[in-house]
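S.K.: Just need the whole structure built from these sequences, with the hints factored in.
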Amino acid sequence: MIRWSIQEVRRIAIRLAQRRINPAYVIAWSCWRRAHQAAAQRAHLKTKMQL
Numbered sequence: 001m002i003r004w005s006i007q008e009v010r011r012i013a014i015r016l017a018q019r020r021i022n023p024a025y026v027i028a029w030s031c032w033r034r035a036h037q038a039a040a041q042r043a044h045l046k047t048k049m050q051l
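Numbering of the sequence shown is given in full-length UniProt numbering, commencing with residue 1 and proceeding in unit increments.
Here are the in silico distance ranges between beta carbons for each label pair: (1) Gln7 - Leu45: 18 to 28 Å; (2) Ile6 - Gln50: 25 to 35 Å; (3) Met49 - Asn22: 36 to 46 Å; (4) Ala43 - Arg19: 31 to 41 Å; (5) Arg20 - Lys46: 36 to 46 Å; (6) Gln18 - Met49: 37 to 47 Å; (7) Gln50 - Arg19: 42 to 52 Å.
The hints are simulated quantities; they were obtained by calculation from the structure and are not laboratory data. Built from N, CA and C at the ideal position, the CB exists for glycine as well.
M.R.: Below is the structure:
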C-alpha cells in the first residue's frame, strides 16, 4: 500500500466525524484505495522501466 497522504488522513477524519458512514466501511475503503493506487504505481513504474 502507498503511504498515508495528508489529504487521505483529512478525508478519513471528516468521514468519521460526520458519523453518517460506518467507520469500518471508511477504513476498508481507504485500504482498498491505497492498495489500488499502489498497484497502479507499480504498473506505471514497470512500463516506464521497459522503455
